[in-house]
Amino acid sequence: MQPAVETKSLVHRYGERLALNELDLTVSAGQIFALLGPNGGGKTTLFKILATLLRPTDGQARVMGFDVRESPHDVRRRIGVMFQSPSVDKKLTVAENLRHHGHLYGLSGRTLTDRTAEVLATIGLEDRAAERVEKLSGGLMRRVEIAKSLMHRPQVLLLDEPSVGLDPRARLTLRDQLEELRQSFGVTCLLTTHLMEEAETCDMVGIIDEGVLVACGTPSDLRNSIDGDVVTVTSNKAPALRDDIRSRFGADAQLLGDTLRIEHKRGHELATQLADAFGDDLLTVTVGRPTLNDVFVKRTGHHLDGIAGDSDG
Amino acid sequence: MAEPIAQADRFSTGFVLPALSLAHREIIRFLRQRSRVIGALATPILIWIFMGSGMGRSFAVPDAEGEAGYLRYAFTGTIALIVLFTSIFSSISIIEDRNEGFLQAVLVSPAWRSSIAAGKVLGASFLAFLQAAIFIAIAPLVGVSLTIGSFLQTLGVLGLVALGMSGLGFVTAYRVSSIQGYHSIMNLLLFPMWLLSGALFPMAGASTWIKVVMLANPLTYGVAALRHTLASGGSAADPSMPSLPVALAVTALFAVGMMIAATWTAARPD
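If you read the sequences in order, they're chains C and X.
Read in the working numbering, the first sequence has 250 at position 250, and its numbers run on one by one without any break.
Whatever position you read off the second sequence (first residue = 1), add 1000 for the working numbering.
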């Protein structure tokens, strides 16, 4: 089956700065795909290229088989886009926003009226149709955004950091709604996020850093790529401690600021041993199953929030 | 998905429909911001009264008698001010739309980019036109006699001036990233355009270099055309003022030129 989104050796430069570096990505139709990465990692650039707002410097990007550079018009008709900054007009009512959006896609008359009603029902906003958007809560406003992007029945929904500014409950609702769209309409969703909790709930996760896709797979596959447990140690003497741990326990630790990350088959045993051996020098010791954050740290050598580690991790 | 995908590639669905929808939005937005409505109607009336009453005794206008004369003279200038300011203020919304996500949503839709320019300019022009028309309706109260014929002619000129000014507003605002930045352009370019358009003083009495600037100013022709159709102030006594055919031709050309420039500005890739 033709992938919903496909990029090949995609390159984008802002002057000297390389934002996307030969990026290859495939999103199959019907997936809910998260692009996980730190701010400035290139995910918003990729998002803008797929949304036809930015022409890539080099390489290929296709949406539903159409090249964003050669046939942006065909791409635009097939994508629904939800931006980080709200694109609804707050002075208009919910229904007016939807009708206006429909006009941009050439919908009018009966079709537009029917579609507006249908979308309002899908997104559960029928009773708010006549309210001005400025009077709605942040969560509801985000729902109007989704409703808008569904007016023309897109095949691919692109969402840029959709959960920023939403409370945990609204985040869950959003996730449920994406699932519903996939079930009822087969919509492919590609969303960007810097929150691993959000990425965890998606079918597939692509980890993007410094313009490169460093890992891609289901959340469980990615987690399983780490052997055993992850022991995290914080200490004021982290660099010296790393050498000691290596010589005494034969375990390689990755240094990130004042934190050491150690992958170990029997994490809890190592944690006890470390506590016994270096008790006074340790601030905290934690043992856990690997998370997407661990995958990110392992592949990139730094945290999602951008704290740099050393390069030999 | 088996459903047909939205079509927006014909002139009617890709240009006309989005443009009308965008224009409609501008008008709704304006009407829903009460402060804008009040400001738009009250400000020019105040400026006109202050200007007319304050300067009437100090400045002699050809063919006008004292205070009432300058009030009449300033009447046309105030119409130009209404059109200029309304058009310009409406253009500010393009900067807001860009800074918020609204414009992006339009840019990723299949609507033609030129429809953005057409919609914005049409909406802004309509608002400017409407306000100026309401203001003109009070003309008989201030001694500017108006026949139905001259009222209709004036509306026609008004439409052209509004299109030209809104187009100019769009072109100057489209690439500006902040409202503050736009204000400086406004003060530097747009306000002097009004000052030197014959709105405040007739060209006949001005020094030569000012006269040259005035002749190069497209708004001068709009103001002149309005003076002709309203027969308000100085048409007979200001020999320097462009004649009606010249004034109309330049105003129409400017409107068309600005529409083309606005369309081109929006259609150019970022």
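Since the hints were made in silico from the structure, they are not lab data.
Heads up, a few of these hints could be off.
[To be verified] According to the in silico footprint, chain X covers these stretches of chain C (three or more CB under 8 angstroms from chain X):
#, stretch
1, 17–23
2, 104–114
3, 241–252
4, 289–303
[What the hints assert, rightly or not] Pairwise CB distance ranges (calculated):
#, chain 1, residue 1, chain 2, residue 2, range
5, X, 1184, C, 281, 53 to 61 angstroms
6, X, 1210, C, 110, 56 to 64 angstroms
7, X, 1267, C, 227, 40 to 48 angstroms
8, C, 299, X, 1032, 44 to 52 angstroms
9, C, 131, X, 1138, 31 to 39 angstroms
10, C, 135, X, 1050, 44 to 52 angstroms
The C-beta atom is built at its ideal place from N, Cα and C for all residues, glycine as well.
Checked hints:
no., hint, verdict
1, 17–23, "violated (count 0)"
2, 104–114, "holds (count 5)"
3, 241–252, "violated (count 0)"
4, 289–303, "violated (count 0)"
5, X:1184 <-> C:281: 53 to 61 angstroms, "holds, 59 angstroms"
6, X:1210 <-> C:110: 56 to 64 angstroms, "holds, 59 angstroms"
7, X:1267 <-> C:227: 40 to 48 angstroms, "violated, 56 angstroms"
8, C:299 <-> X:1032: 44 to 52 angstroms, "holds, 51 angstroms"
9, C:131 <-> X:1138: 31 to 39 angstroms, "holds, 37 angstroms"
10, C:135 <-> X:1050: 44 to 52 angstroms, "violated, 39 angstroms"
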